[in-house]
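Novice: Keeping their order, the protein sequence lines are chains W and H. Residues in the first sequence are numbered from 1 upward in steps of one, following UniProt numbering. Residues in the second sequence are numbered from 1 upward in steps of one, following UniProt numbering.
One should not assume that every hint holds.
[What the hints assert, rightly or not] Which residues of chain W face chain H? A few of them, derived with a C-beta cut under 10 angstroms, are:
#1 Leu54
#2 Gly195
#3 Gly290
[Said to hold, decoys possible] DEER-style ranges, computed between Cβ atoms:
#4 H:Thr95 - W:Gly285: 26 to 36 angstroms
#5 W:Val300 - H:Ala17: 45 to 55 angstroms
#6 H:Phe82 - W:Met311: 46 to 56 angstroms
#7 W:Val300 - H:Ala100: 32 to 42 angstroms
#8 W:Leu315 - H:Phe82: 55 to 65 angstroms
#9 W:Ile208 - H:Leu123: 15 to 25 angstroms
#10 H:Thr33 - W:Leu227: 11 to 21 angstroms
[What the hints assert, rightly or not] Okay, the calculated bits of chain W under chain H, using three or more residues with CB under 8 angstroms as the criterion:
#11 44–53
#12 83–89
#13 95–108
#14 212–225
#15 252–265
By construction, these hints were calculated from the structure, which means they are not laboratory data. Just so it is clear, CB atoms sit at the ideal spot from N, CA and C, and this is done for glycine as well.
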Amino acid sequence: MGVMTARPINVESPPQRDEHKLTWRAKLRRDRSLLLMNLPMLLLVLAFWWVPALGNIIAFQDYNPYTGGVLGSPVIGFTNFALLFQDPQFLRAMLNTLSITAFQLVFYFPVPIMLALLLHSIVSARLRAFVQGVVYMPYFFSWVLVVAIFQQMFGGAGLLAQLLRERGHEGVDWMTNSDTFILLITTQTIWKDAGWGAIIFLAALSTIDPNLYEAAAVDGARRWRRLWHITLPGLRPVIVLLLILRLGDALNVGFEQFMLQRSAVGSGASEVFDTFVYWSGLRTGDLGYGAAAGLFKGLVGLLLILAANRMAHALGERGVYSRS
Amino acid sequence: MTTLTSRPGRRRPARLAPWEERPSPAGQLGKGTIVTLIVLAVLGPLYTIVLTSLSPAATVNRAGGLVLVPDGITLEAYRQIFSDTVVSRAVLVSTGVTLAGTLISTGVSVLGAYSLSRPGSFLHRPLLFSILLMFVFFPGIIPVYLMVSGLGLKDSYWSLILPTAVSAFNVVVLRSFFMNIPGEVLDSARIDGAGEWRILWRIVLPMSKAVTAVVSMFYAVGYWNAWFNAMLYIDDTRRWPLALILRQYVVDSNPLPAATAGVTGDAPPTLAIKMAIVVIAVLPALIIYPFVQRHFTKGVIVGAVKG
């Protein structure tokens, strides 16, 4: 967490050569430098992925780090999970997460597409490069920074409130209003990520054959008809793919963004899965309970990704990964 | 995943094609307005933040907040920040963690990606699989936390580096680039008696400078920006990276330590100091950004994403 990652859209291994003639000893001897090169990465992945993944066993325990540890704590089966579904705060986190996903699907998802169309339509190459450079930039800012910047603009002591007061109006504080929180975070997400998100659509736009446009123009199709009949069908595969990916990622709405603003707007509006895991597990100290919430999210997320990928294949797209 | 080299594709002519209709003045005006607003939405906040951090106390007080019109420039806020230990130490911590982390991450990823670029090698499939699994499942905050504290890494700078040192995405990007290097090149080196280390160092890496640079930049940005890991693992305020300072003093507006806040009359107002901290936090991204930006539109990212 923290380090920027994105998801590559296609991960496949190339065809394998027939290597069965060699014994594993011979292969081991032949590939020992490769294995040695892999070792540092393997150790890190073992320590910070595999061991924690298996450590989720504490979700099924009444875990106590001091008396029992992972091996000695009493096993209580699915009790933690049963408790989760009676916990109003957990249900609220689930509801918030899903509403934020749904809201952003409508109000964030189309923005990079529209931005890409706008950028693509700028005729001057220099101007286009300049605007692209500007809109990609906030993607490299941290969430702390973005929240700080928004606070200076829209907070109680921010620029907007200051300008309103100068003109004799009442100031506003958008940063602590829980009713409009979903709007606030969507605006932040647009400001930070929409420019970067446009890249993939720009790439798709550049692969549309210009002859199609010319032929359509010769046939009398005006600007908007060409957009409708050539550009949008050209973008369709990317749009469908990213839409499916977003659905597969429905439980991930971002984490630092919510952690940072939780105290300002209260947990009612800002509690999402990840913040719930953190507060219920690490803050109140019930580690097994928090781990159960985290494991629930991880497993449902895994199922969603697999389902989304299957859907992508069914629609004839390539999906996140494909069988090699 | 195919190529990561630049692919210009079909260049759009800078002028209108003969068949394109001339845009209407109203349409041009509308588009111009929207583009201007978008650019302002990004640059406007940065402008007023930088300006406020550079403004003398009188100007900030007269503005009653952020400064929009420059009236005198002073570096007083920055001088204050760096004469105090809190922020300057955090800048050192963040810089150190970013440099060490980027070096480790890039090294481990390049070696790992190269070792996974040879299908049919010993244990190739399970090793690759364990990297790909990282895309679809996250073990959870709590088990990772227990692992880090179990290893005794709490309050150690290693806790800011090791748990996030391997990004599966970056490994896959590097691997797919390495796999596209023509096999004949590697085979001829092998016939000449070069071992894997030599091939990687002398042939593969020099051919992959751009992709390695971009991957290390992604790691660097990640380390510089990381906030949550530091909040989880670093309790000792003297070991705080800049992201935690930013949260504490700028977002949550907790008072700055007396030495920085300034008690004398001509000290810069806290707002200028806050904005100076914001500027310091954003500066590295702004500085390296132009050097890597050209790789974004064509090449690396698009190649990695488009497949």
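Novice: For every hint, state whether the structure bears it out.
Specialist: Verification of the hints:
| no. | hint | verdict |
| --- | --- | --- |
| 1 | Leu54 | 8 angstroms, holds |
| 2 | Gly195 | 8 angstroms, holds |
| 3 | Gly290 | 5 angstroms, holds |
| 4 | H:Thr95 - W:Gly285: 26 to 36 angstroms | 34 angstroms, holds |
| 5 | W:Val300 - H:Ala17: 45 to 55 angstroms | 50 angstroms, holds |
| 6 | H:Phe82 - W:Met311: 46 to 56 angstroms | 54 angstroms, holds |
| 7 | W:Val300 - H:Ala100: 32 to 42 angstroms | 36 angstroms, holds |
| 8 | W:Leu315 - H:Phe82: 55 to 65 angstroms | 57 angstroms, holds |
| 9 | W:Ile208 - H:Leu123: 15 to 25 angstroms | 43 angstroms, violated |
| 10 | H:Thr33 - W:Leu227: 11 to 21 angstroms | 20 angstroms, holds |
| 11 | 44–53 | holds (count 9) |
| 12 | 83–89 | violated (count 0) |
| 13 | 95–108 | violated (count 0) |
| 14 | 212–225 | holds (count 6) |
| 15 | 252–265 | holds (count 5) |
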